[in-house]
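Undergrad: Here's the letter readout for the chains.
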Amino acid sequence: GAVVSQHPSRVICKSGTSVKIECRSLDFQATTMFWYRQFPKQSLMLMATSNEGSKATYEQGVEKDKFLINHASLTLSTLTVTSAHPEDSSFYICSASDSGGTDTQYFGPGTRLTVL
Amino acid sequence: GQNIDQPTEMTATEGAIVQINCTYQTSGFNGLFWYQQHAGEAPTFLSYNVLDGLEEKGRFSSFLSRSKGYSYLLLKELQMKDSASYLCAAYTGGFKTIFGAGTRLFVKA
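Those protein sequences? They're chains A and B, same order as listed. Everything in the first sequence is counted per our numbering, starting at 190 for the first residue and increasing by one. Everything in the second sequence is counted per our numbering, starting at 1267 for the first residue and increasing by one.
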């Protein structure tokens, strides 16, 4: 149980293009989903928290117009990196919780984004 | 401020026992997570401690002392596949989980 999928697992794109990453909870309804990014040998950095049907809450320093998050259903959240630049290259990981964020977060397998 | 401290790296021998320590200072605290993360992969859940004391789960055990802001993860009968990063994370409530930088564990034969 508690499986979270992420698609795509890897993406390479040109600078200036937009990339959409999907995060799905496969066997539970995710009240809350979280988006993280992780640079090599560094910790997970929370980007935003999203609750189904409402606007995402972004962490300080994260540009909401650049990282668009949509949590349209209890099983799907998407992160769109708009006008990607090389400095956006990172490992993006989503996680989902089924208890309003009070319990365990189950992580997706991550998406490695490389912007050329 | 929010601060999670854990050692950067540790090395241990196959079959041995290793303890990974974590101290935390957070504004608000509900519980302490431990996750395992292999290189290039997402973290996988190991344990969640809310109450003080030791919780054992197979070869892995996790301990929490809320008064001391301290936790440790104990790995017994180490196997090569245990080589990974171990992340300590404090759940502070309000959908906030603060992650430590992780401890890279190297298991040698």
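Calculated directly from the structure, the hints in this document are not laboratory data. One should not assume that every hint holds.
[Said to hold, decoys possible] Lysine-lysine pairs mimicking BS3-like chemistry, simulated, CA-CA at most 25 Å apart:
no., chain 1, residue 1, chain 2, residue 2
1, A, K209, A, K244
2, A, K209, B, K1347
3, B, K1362, A, K255
4, A, K230, B, K1362
5, A, K253, B, K1323
6, A, K203, B, K1362
7, A, K203, A, K253
8, B, K1374, B, K1323
9, A, K209, A, K255
10, A, K244, B, K1362
11, A, K230, A, K244
12, B, K1323, B, K1334
Undergrad: For a C-alpha distance cap of 25 Å, please report whether K203/A and K1362/B respect it.
TA: 33 Å, violated
Undergrad: What's the verdict on K209/A and K244/A, does the C-alpha distance respect the 25 Å limit or exceed it?
TA: Holds, because 17 Å separates the two Cα atoms, which is no more than 25 Å.
Undergrad: For the pair we were handed, K230/A and K1362/B, check the Cα-Cα distance against 25 Å.
TA: With a Cα-Cα distance of about 22 Å, the restraint between K230/A and K1362/B holds, given a limit of 25 Å.
Undergrad: Is the straight-line distance between the alpha-carbon of K1362/B and that of K255/A 25 Å or less?
TA: 22 Å, holds
Undergrad: Would the pair K1323/B and K1334/B pass a check requiring their Cα atoms to be no farther apart than 25 Å?
TA: Roughly 23 Å separates the two Cα atoms, so the pair holds.
Undergrad: Between K209/A and K1347/B, is the straight-line Cα distance small enough, at 25 Å or below?
TA: 33 Å, violated
Undergrad: K203/A and K253/A: Cα distance at most 25 Å?
TA: Cα-Cα ~21 Å, so holds.
Undergrad: Is the straight-line distance between the alpha-carbon of K1374/B and that of K1323/B 25 Å or less?
TA: Holds, at about 23 Å.
Undergrad: CA of K244/A to CA of K1362/B, is that 25 Å or under?
TA: 16 Å, holds
Undergrad: Below or equal to 25 Å on CA atoms is what counts here, so check K230/A against K244/A.
TA: 31 Å, violated
Undergrad: Given the proposed pairing of K209/A with K255/A, does the C-alpha separation stay at or below 25 Å?
TA: Roughly 12 Å between the alpha carbons, so the hint for K209/A and K255/A holds.
Undergrad: Just to be careful, I want the Cα atoms of K253/A and K1323/B compared with a cutoff of 25 Å; is the pair within it?
TA: Violated - the C-alpha atoms of K1323/B and K253/A are around 40 Å apart, more than 25 Å.
Checked against the numbered hints listed earlier, the structure breaks hints 2, 5, 6 and 11; every other hint is satisfied.
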